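Here the protein sequences come in this chain order: B and F.
Just so we're aligned: 339 in the numbering used here is position 339 of the first sequence, and the numbers increase by one with no gaps anywhere.
Position in the second sequence (from 1) plus 1000 gives the number in the numbering used here.
Don't take every hint at face value.
Distance condition first, Cα-Cα at most 25 Å in a straight line; then the derived DMTMM-like pairs of lysine to aspartate or glutamate [stated by the list, open to error]:
| no. | chain 1 | residue 1 | chain 2 | residue 2 |
| --- | --- | --- | --- | --- |
| 1 | B | Lys-350 | F | Glu-1133 |
| 2 | B | Lys-505 | B | Asp-385 |
| 3 | F | Lys-1200 | B | Glu-354 |
| 4 | F | Lys-1108 | B | Glu-354 |
| 5 | F | Lys-1136 | B | Glu-592 |
Short, incomplete list of chain B residues facing chain F, as computed with Cβ under 7 Å [what the hints assert, rightly or not]:
| no. | residue |
| --- | --- |
| 6 | Leu-8 |
| 7 | Val-353 |
| 8 | Val-487 |
Listing some non-contacts, in silico: residues in chain B with all C-beta distances to chain F over 12 Å [unchecked claim]:
| no. | residue |
| --- | --- |
| 9 | Tyr-52 |
| 10 | Cys-72 |
| 11 | Thr-91 |
| 12 | Thr-94 |
| 13 | Lys-158 |
| 14 | Lys-286 |
| 15 | Glu-315 |
| 16 | Lys-317 |
| 17 | Cys-363 |
| 18 | Met-382 |
| 19 | Lys-424 |
| 20 | Asn-456 |
| 21 | Cys-566 |
| 22 | His-603 |
Bear in mind the hints are in silico, worked out from the structure with no lab data behind them.
This structure is a prediction, so every number in the text was calculated from the model and none was measured.
Every residue, glycine too, gets a C-beta built ideally from N, C-alpha and C.
Read off the chains here:
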Amino acid sequence: MNGEEIVLMLGNEAIARGALEAGVRVAAGYPGTPSSEIIEVLAEWAKEHGIYVEWSTNEKVAVEVALAASFCNLRSLAAMKHVGVNVASDTLFTATYTGVRGGFVIISADDPSCHSSQNEQDNRLYGPHMYIPILEPHSPQEAKDITMYSFELSEKFKIPVMVRTTTRLSHSRGNVRLGPIPNIAKEGTFERSPEEMSCLPSNARKMRVKLIEKIKSIEEYFNDSPFNCINGDSKVGIIASGLAYAYTMEALRALKAEEKVSVLKLSTLYPLPKKLLASFLEGKEKVLVVEELEPFIESYVKAICCELGIDSRVEGKNLIPLAGELTPLIVLEGIASFLGEKLVSKSGFKLEVEVPPRPPVLCAGCPHRSTFYAIKSAVRKMKVDAIYPSDIGCYGLGFYQPLEAIDISLCMGASIGIACGLSKFSGKIVIATIGDSTFMHAGIPALINATFNPSNFILVILDNGLVAMTGHQPSPVTGVNAMGEKVKVVLPEDLVKACSISFCKIVDPYYLEATISTIMEAIEHVQKGLGPAVVISRRKCALTLLREARDGKIKIAKNRVDEEKCVGCLACIKLIGCPALLPFNGKVIIDESICTGCGLCGHVCPFKAVMRVET
Amino acid sequence: MNILLSGVGGQGILTLAELLGDAAILDGYEVRVSEVHGMAQRGGQVVCHVRFGKNVYSPLIIEGASDMLISLEVLESLRAARYLKHEGVVIINSLELPPPLAIIKGIKYPSINDAIKEFMKITKKIYVINSMEIIKRNRLPAATINTIILGSAWATGELGLSRDSLIKAMIRRFGEKWKDINIKAFEEGAKYLSETGVAKV
Chain B
1 MNGEEIVLML
11 GNEAIARGAL
21 EAGVRVAAGY
31 PGTPSSEIIE
41 VLAEWAKEHG
51 IYVEWSTNEK
61 VAVEVALAAS
71 FCNLRSLAAM
81 KHVGVNVASD
91 TLFTATYTGV
101 RGGFVIISAD
111 DPSCHSSQNE
121 QDNRLYGPHM
131 YIPILEPHSP
141 QEAKDITMYS
151 FELSEKFKIP
161 VMVRTTTRLS
171 HSRGNVRLGP
181 IPNIAKEGTF
191 ERSPEEMSCL
201 PSNARKMRVK
211 LIEKIKSIEE
221 YFNDSPFNCI
231 NGDSKVGIIA
241 SGLAYAYTME
251 ALRALKAEEK
261 VSVLKLSTLY
271 PLPKKLLASF
281 LEGKEKVLVV
291 EELEPFIESY
301 VKAICCELGI
311 DSRVEGKNLI
321 PLAGELTPLI
331 VLEGIASFLG
341 EKLVSKSGFK
351 LEVEVPPRPP
361 VLCAGCPHRS
371 TFYAIKSAVR
381 KMKVDAIYPS
391 DIGCYGLGFY
401 QPLEAIDISL
411 CMGASIGIAC
421 GLSKFSGKIV
431 IATIGDSTFM
441 HAGIPALINA
451 TFNPSNFILV
461 ILDNGLVAMT
471 GHQPSPVTGV
481 NAMGEKVKVV
491 LPEDLVKACS
501 ISFCKIVDPY
511 YLEATISTIM
521 EAIEHVQKGL
531 GPAVVISRRK
541 CALTLLREAR
551 DGKIKIAKNR
561 VDEEKCVGCL
571 ACIKLIGCPA
581 LLPFNGKVII
591 DESICTGCGL
601 CGHVCPFKAV
611 MRVET
Chain F
1001 MNILLSGVGG
1011 QGILTLAELL
1021 GDAAILDGYE
1031 VRVSEVHGMA
1041 QRGGQVVCHV
1051 RFGKNVYSPL
1061 IIEGASDMLI
1071 SLEVLESLRA
1081 ARYLKHEGVV
1091 IINSLELPPP
1101 LAIIKGIKYP
1111 SINDAIKEFM
1121 KITKKIYVIN
1131 SMEIIKRNRL
1141 PAATINTIIL
1151 GSAWATGELG
1161 LSRDSLIKAM
1171 IRRFGEKWKD
1181 INIKAFEEGA
1191 KYLSETGVAK
1201 V
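Please put together the full structure from these sequences, using the hints given.
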């Protein structure tokens, strides 16, 4: 893939390619939808192009590793989802003070509509808060070009630069023209300059003054950025950025209004280029700002109009919704209303049949299903009133019917801190669940707290050996790193013991009875007030089991329904909701292509109609 | 050209979308392919938008503007129905995968005839492909469902992509080793559609 070839490329892959073409030497991140493919792709290319790539334990560490590489005069990149930037923000807020040496680019992949996130925060707002320049592309080609430009910008002004993408761009494919990959075999070098890199108060005060000056110069620079452009010369204007620009262009075409409206496409979002905006606004009767989530550009545009005495009418969030991802239809309706055009609905198609929902479910044979089932069984048997804080991972699906095993879920690692508080103030038995990687990411300080400030709750660590939800990236328990090197394993049980926790037991959730009785013991332990009790529920991800079985590495059993015994009561489906169980001719059949033989269906079947078949 | 693909996570919708995107690039178009799905690896609904033409900006198709709807599962064809334009083409793989939640909540799973009746309100171009039957009859691997459906879509004459580019894209993605099997699956899918014609209730 060298030269002038045009290929179909994922937005995230285009960002990675842009970094590679810009001569990136170091990349770090933590998996999180919709950002994960950036680091994954760079890791695949690492050996061939001599770059260093890592999955760090969390986003803060990733930013620190990449920033350090920049301090060593290497171009570096850190990639994460929007909420990952919150974790990294402590470092980033001060990294703008120290500035950088090698170009340093942070990718923030935002998730409007919370497709796979707990919130839809708009990370453009970090721009004015951190004083970090932000750019946003609107197509895969531009994602590559802007990433390359951001490295130049970062080095020119000696400042970290953020590229903001969203799910729709990160996960869409488009034509991308490949450029050459520079052949740089570069070693890092470090020149000491403690006053520029140590943010002690005496230094930080001076750094802030410098930072303000930098941002002013960058604003000037952005006035002439090739990624901002104005089309048309009309008294009616639209300002749009990112995907909102793409939808705007389609809407204007659909309304045959391309000639009637002039469009300012903005890609440099912080600092916003004042001169460029003023020249666009001057003489406009009215202007609509089309942007996803917060009125970030709109507020600034209104402020400029006020400051410079421009009397254009500025519209935005009165026509474009504040919540949720934009779609071509939403933008079309907003623009039609702005232009005073009536829309004729093309599809008056109303379905008469009810379409049942199909939310994502835990996979067939998912060990989390068995663990959740065991937790609920233990609670039933002990007749206790339990509450369930949980965390971020596939196991979040335990919230839904029929498992309903989650009461509280906020952000990475929160289950344990919340459990510390709940155990003291709720008067109930608290059973928290957290995945192995999430535990390593942000759970450990809270578990130390549980000993430091004695708290009686049960923590179940769901250890499936990797980061499952985002696509099977390695975690510290895996024994392999991003570049495929064998590394030492960090075991959750060793960490738990190091937190001076006396109750730490390991179970295999496929052995359901043993798992239930261990959780019952844990409940007794906290009832007696003996401190936190940790149960590590260890079983490889079901998808790993299937893959290993297909590759002949392991043998797995399958479950099969005995047609003679099955009465078609559907208790199995209703109680565990496993997608391998399918109603068929008044009975149930098991899809053996996805069954891992976990046996949970057999456990709940009132007619003992499930058999175990060795393969 | 707007093509909407729908199905269930794990069915390989994305591979099909990528094949269409690759073929469209080979045919010289500007392309956007977008996948829309929720969290977790499989089991939920998955939709892919494929758009190609001269100037394409949006990765998403607007409701009521899809020229073709290809669904690898019956229920998911209905969920995606609002995207189809009047007199658009619908191709439904006759596989039924009832979601566990529907059973838990006691919601009836619509039959293939229910689906055909619904689509008849806006189009006559409805094609039902029994890919399992094609696979069994021709002893094809189960993973060729995508290629079979692709062959059927091409055989409607309304896909807007050349057979050469589709085959080239397939070989590039699946490898020379699987070339003959995939060409066979493509042709069987095309033949099935030509022989069975549009669906009737």
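Problem - 25 Å Cα cutoff - pair Lys-1136/F, Glu-592/B - result: Holds, at roughly 17 Å.
Exercise for the section: Take the C-alpha atoms of Lys-1200/F and Glu-354/B, compute the straight-line distance between them, and say whether it is at most 25 Å. Expected result: holds (21 Å)
Exercise for the section: Check the non-interface label on Thr-94/B: least C-beta distance to chain F beyond 12 Å or not. Expected result: The claim stands: Thr-94/B keeps its Cβ more than 12 Å from every Cβ of chain F (closest is about 33 Å).
Exercise for the section: Determine whether the non-interface label on Lys-158/B survives the test: each CB of chain F must be over 12 Å from its CB. Expected result: holds (35 Å)
Problem - Cβ separation check - Cys-363/B to all of chain F, threshold 12 Å - result: violated (6 Å)
Problem - Interface-negative label, Thr-91/B against chain F, beta-carbon threshold 12 Å - result: Thr-91/B is indeed farther than 12 Å from all Cβ atoms of chain F, at 27 Å.
Problem - Minimum Cβ distance from Cys-72/B to chain F greater than 12 Å, as the annotation requires - result: Check passes; 37 Å lies beyond 12 Å.
Exercise for the section: Hey, is Tyr-52/B genuinely clear of chain F, shortest beta carbon separation above 12 Å? Expected result: Answer for Tyr-52/B: holds, closest chain F Cβ roughly 28 Å.
Handout entry: Restraint outcome when Val-353/B is required to lie within 7 Å of chain F by C-beta distance
Key = holds (4 Å)
Problem - Lys-424/B remote from chain F - nearest C-beta pair above 12 Å - result: The assertion about Lys-424/B holds, with a minimum of 31 Å to chain F.
Problem - Outside-interface status for Asn-456/B - nearest CB in chain F farther than 12 Å - result: holds (32 Å)
Handout entry: chain F contact restraint on Val-487/B - CB to CB distance below 7 Å
Key = Val-487/B check fails; min Cβ-Cβ to chain F is 25 Å, beyond 7 Å.
In summary, the structure is inconsistent with hints 1, 8 and 17 from the numbered list given earlier, while agreeing with the others.
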